[in-house]
Amino acid sequence: MRPPLVELRGIVKAFPGVVANAGVDLTIAPGEVLALLGENGAGKSTLMQVLAGLYRPDAGTILIDGAPADLRSPGDAIARGIGMVHQHFRLVESFTVTENVLLGQGERRFLLRPAADHARVARIAGAHGLTVEPRAVVRQLSVGERQRVEILKMLYRDARVLVLDEPTAVLTPQEVAPLFAAIRRIAGQGRAVVFISHKLDEVLAIADRIVVLRAGRVAGEAQPAETTPRALARLMVGHDVDRPPRPVAAPGAIVLELRGVDATGEGGRRALHAVSLAVRAGEIVGVAGVAGNGQRELAEVVAGLRPPEAGEICLDGVGIGHLDSRARWRLGIAYVPEDRLAEGLIAPFPLAENAVLRDYARPPVGRGPLFDRAAARARAAAIVERFQVRAPHVDTPVRHLSGGNQQRLLVGRETWRRPRVLVAMHPTRGLDVDATASVHRLLLSLRAEGVAVLLLSESLDELFALADRIAVLHRGRVAGERPTAAATREEIGLLMAGAVP
Amino acid sequence: MSTGAAAPPLARPARAEPPAWVEAVGVRAGSIVAAFAVGAVFLAATGHDPAHAYREMAVGAFGSSFAVEQTLVKAIPLALAGLGVALAFTMGLWNVGAEGQLAVGALAASWLALSAGGLPAAVVLPGLTLLGALGGAAWALVPAALRAYAGVNEIISTLMLNYVALLWVDYLVFGAWADPTAFSFPYSRRFPEAAHLPRLYGDVHAGALAALVAAAGLALLLGRTRWGYEIRTIGASQAAARYAGIPVRRRILLVMATSGALAGLAGAGEVSGVIHRIQQGLSPGYGFTAIIVAWVAQLRPWAVVLVAVLFAALLNGGFVLQTAGVPAAIAYMLQAMILTFVLAGEYLLRRLRRRRAVAAARALAPP
Chain A
7 MRPPLVELRG IVKAFPGVVA NAGVDLTIAP GEVLALLGEN GAGKSTLMQV
57 LAGLYRPDAG TILIDGAPAD LRSPGDAIAR GIGMVHQHFR LVESFTVTEN
107 VLLGQGERRF LLRPAADHAR VARIAGAHGL TVEPRAVVRQ LSVGERQRVE
157 ILKMLYRDAR VLVLDEPTAV LTPQEVAPLF AAIRRIAGQG RAVVFISHKL
207 DEVLAIADRI VVLRAGRVAG EAQPAETTPR ALARLMVGHD VDRPPRPVAA
257 PGAIVLELRG VDATGEGGRR ALHAVSLAVR AGEIVGVAGV AGNGQRELAE
307 VVAGLRPPEA GEICLDGVGI GHLDSRARWR LGIAYVPEDR LAEGLIAPFP
357 LAENAVLRDY ARPPVGRGPL FDRAAARARA AAIVERFQVR APHVDTPVRH
407 LSGGNQQRLL VGRETWRRPR VLVAMHPTRG LDVDATASVH RLLLSLRAEG
457 VAVLLLSESL DELFALADRI AVLHRGRVAG ERPTAAATRE EIGLLMAGAV
507 P
Chain B
15 MSTGAAAPPL ARPARAEPPA WVEAVGVRAG SIVAAFAVGA VFLAATGHDP
65 AHAYREMAVG AFGSSFAVEQ TLVKAIPLAL AGLGVALAFT MGLWNVGAEG
115 QLAVGALAAS WLALSAGGLP AAVVLPGLTL LGALGGAAWA LVPAALRAYA
165 GVNEIISTLM LNYVALLWVD YLVFGAWADP TAFSFPYSRR FPEAAHLPRL
215 YGDVHAGALA ALVAAAGLAL LLGRTRWGYE IRTIGASQAA ARYAGIPVRR
265 RILLVMATSG ALAGLAGAGE VSGVIHRIQQ GLSPGYGFTA IIVAWVAQLR
315 PWAVVLVAVL FAALLNGGFV LQTAGVPAAI AYMLQAMILT FVLAGEYLLR
365 RLRRRRAVAA ARALAPP
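These protein sequences, in sequence, are chains A and B.
For any residue, its number in the numbering used here is found by taking its place in the first sequence, counting from 1, and adding 6.
For any residue, its number in the numbering used here is found by taking its place in the second sequence, counting from 1, and adding 14.
Quick caveat, the hints were computed from the structure, so don't treat them as lab data.
Any given hint could turn out to be false.
[What the hints assert, rightly or not] If you only want the chain B side, here are some residues facing chain A, beta carbon under 10 Å, derived:
no.: 1; residue: 35
no.: 2; residue: 38
no.: 3; residue: 238
no.: 4; residue: 239
no.: 5; residue: 242
no.: 6; residue: 244
no.: 7; residue: 257
no.: 8; residue: 263
no.: 9; residue: 271
[Claimed, not checked] Distance windows between CB atoms, simulated:
no.: 10; chain 1: B; residue 1: 165; chain 2: A; residue 2: 100; range: 39 to 49 Å
no.: 11; chain 1: B; residue 1: 252; chain 2: A; residue 2: 265; range: 51 to 61 Å
no.: 12; chain 1: A; residue 1: 345; chain 2: B; residue 2: 294; range: 19 to 29 Å
no.: 13; chain 1: A; residue 1: 67; chain 2: B; residue 2: 44; range: 51 to 61 Å
no.: 14; chain 1: A; residue 1: 82; chain 2: B; residue 2: 170; range: 38 to 48 Å
no.: 15; chain 1: A; residue 1: 82; chain 2: B; residue 2: 252; range: 35 to 45 Å
On a predicted model such as this, the values are computed, not experimentally measured, just so you know.
Even for Gly, the Cβ is constructed at its ideal location relative to N, Cα and C.
Build the full structure now, drawing on both the sequences and the hints.
Next up, the structure:
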């Protein structure tokens, strides 16, 4: 076996409220595709961000070519041959592909030579099977193309270890195959590719070696040929996760109904086209879709944060499209937004003040013009107890809580007054297995209590486990709707990709 | 963990550390000491004896009852305008127009004082106080409305309106309001006695009471009222404020008007409590220094009052130094140094608190 390119020894990295890496050992060999598998929050991204110079480890050493390396910045890492492509791309939208690739290269030339640069970028792209037009402006590129530009940036810098953080999360199934082909080709040149994922089938298809992380530690290692999805899943979650029992649905009357709703998204583009959807009491309707196909706008239009341009939104048959978010909350529409720390919670505020964000204007917290801090603390303490939020104190700023505890506080606040409708967007994103399970149990118990739940999620596992029906959004339209019992993943996946099954 | 009692302390830190307030007080006191220490280096480098200079400054600021009075008199406009901008900053509104709002408040108060010949003090004084506040509020409402309804950046608009207001003062004191007996010196007639604010202690006028009442009111508003909660929420996250259904535009108008009113009060206090006329250069930049005061105080109302006194003392001490041959600019250098060190200290404090929170979270982590 060839000596490893990179060796990580005992990497520890902690953040307020969570230990992301608790002593991780890992080697990366030239020419291999190494899959880093793990649940959300297992520490995969953090570990690779340590390797890519974005975080400095609290303890542990990084050896590159056998020598200890002190990586203080992504620049240090790329200079040592380690390049990372993040989930959220870091491209300048108004620049061309070539300009993005060259940006920050420390070119010594004062004058650029566009023709030569384009040719050079095109040559590197061709050598790795990455089809992309060097002269194209990034703004006009699809997500898959932008990803290729990010990879190209790293190859241009001659990365010997290419780290891809959940590269398929943003792709349609059709875009995955060319990516995999490029990965194979890059590895074939003796470079190492680290492929971060939580998707078993992908990992089995692409990896030479699989390392599973769980709760910040290495849970195990496997060869794709010698393992099974079931064995990997067990390594990932540590134990067979009890699927929360989902009693047979006995949905009641229609509570929330959208008829022909149009809405505009950021930047003025039409984000929802004639969306019609109904949710009954005691029913969870799941909304699937590739990110950016109108999910956020749909959630906001129901929650009262985005005015519908056309169509009707009804609660118990009464139009509510003209009401703002506070009025809808008072009618019983609760909302767990996608960005819990920037929208649903106020990061620098203590638990107490976050616990009353919806109810501060009414007794017991709002008394006339006054804000009763004791009542806010009492409400926070009650939510902490009922929803098992782990927090040092009700006066602790919520930014110091872990993601799971933030989410329990948020969901606890939203469901405190048993709503009629709960809109939940990516409610388990970034949460660990236990926190995810607790949110799932909560959604099911709300369903049992007769709440109409609209669940927008990017995890098909989650939707299949919880939803009674699944609607698929594609380019702002409902591309299809199926009872979960009668739906297959393939069918939903095709709808997400815009194909009609 | 945390299932049983609802009593707030749900866990204790893992090991004994100094209590949080010791850290908070220590870091801030240390910041100010460090600023003076660096200032001492500059003084020594320019050939002055730092110990001597600081002693002279202290004497100039607090060494006699006259010095204390002068320091407090200067602290009044700094405190009032500082409270105003602190309120706006709390909501994330960059009102850097306190200087202009102060000037318009002074203009409005002066109009009444100059045209109220014969009216009793019981009418004139409440009247000019009210007009001062309304003048400042009106001047601040212009950028507020532009920001709320047209998205115009308030930093630019409040800053530019400062110059408009100051030029209005010039226009009037050189023209219509010029003192006919003063050979075109840029000031108005002296106000009638009825328009002089009563004095509380030596030269310290009733504006001091207004500053204390304003600090108490602001502390109450921010900490104990729904509006205060809304204002802090908007300042921390516009998205969360929208989510909660807080009427952001109306709060922008309310907060900017209140902010301007406080600066306007400062202006009314200067003309009717200190100089007893309106003149060119009625404020030596109080409205700008107020911005530094607000940040050094970390936007806390009572701290604004304390910092205003400290900064007024620096100004007075600086004047005294000048007579000893040390440039008065040392006072401004020290103000800037204090701001720098206090902001750096707040960063340090955040790091310490974060570490504490990490420790607390680890103590809570399941075994």
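Hint says 51 to 61 Å; check whether the CB-CB distance for residue 252/B and residue 265/A agrees. violated (31 Å)
Looking only at beta-carbon atoms, does the pair residue 165/B, residue 100/A fall within the given range of 39 to 49 Å? The hinted range 39 to 49 Å is violated for residue 165/B and residue 100/A, with Cβ atoms some 22 Å apart.
Using the Cβ atoms, figure out if residue 345/A sits within 19 to 29 Å of residue 294/B. violated (52 Å)
May I ask you to test the hint 38 to 48 Å on the CB atoms belonging to residue 82/A and residue 170/B? Once the Cβ atoms are compared, 40 Å apart, the range 38 to 48 Å for residue 170/B and residue 82/A holds.
Agreement of hint residue 239/B with chain A interface, Cβ distance less than 10 Å: holds (5 Å)
Is the interface hint satisfied for residue 238/B? The criterion is a beta-carbon contact with chain A at less than 10 Å. holds (6 Å)
Kindly confirm whether 51 to 61 Å is satisfied by the beta carbon distance between residue 67/A and residue 44/B. About 35 Å separates the Cβ atoms of residue 67/A and residue 44/B, which means 51 to 61 Å is violated.
With 10 Å as the cut and Cβ atoms as the points, is residue 38/B at the interface with chain A? Because about 14 Å separates residue 38/B from the closest Cβ in chain A, which is outside the 10 Å limit, the hint is violated.
Could you check if residue 242/B really has its C-beta closer than 10 Å to a C-beta on chain A? holds (7 Å)
At a threshold of 10 Å, is the proposed contact between residue 35/B and chain A supported by beta-carbon distances? Residue 35/B check fails; min Cβ-Cβ to chain A is 13 Å, beyond 10 Å.
Given the hint of 35 to 45 Å, is the C-beta distance from residue 82/A to residue 252/B inside that range or not? Since the Cβ atoms of residue 82/A and residue 252/B sit about 36 Å apart, the hinted range of 35 to 45 Å holds.
Please verify that hint: residue 244/B, Cβ, nearest Cβ of chain A, below 10 Å or not. Constraint on residue 244/B satisfied, holds at 8 Å.
Comparing the model with each earlier hint shows violations of hints 1, 2, 8, 9, 10, 11, 12, 13; every other hint is respected.
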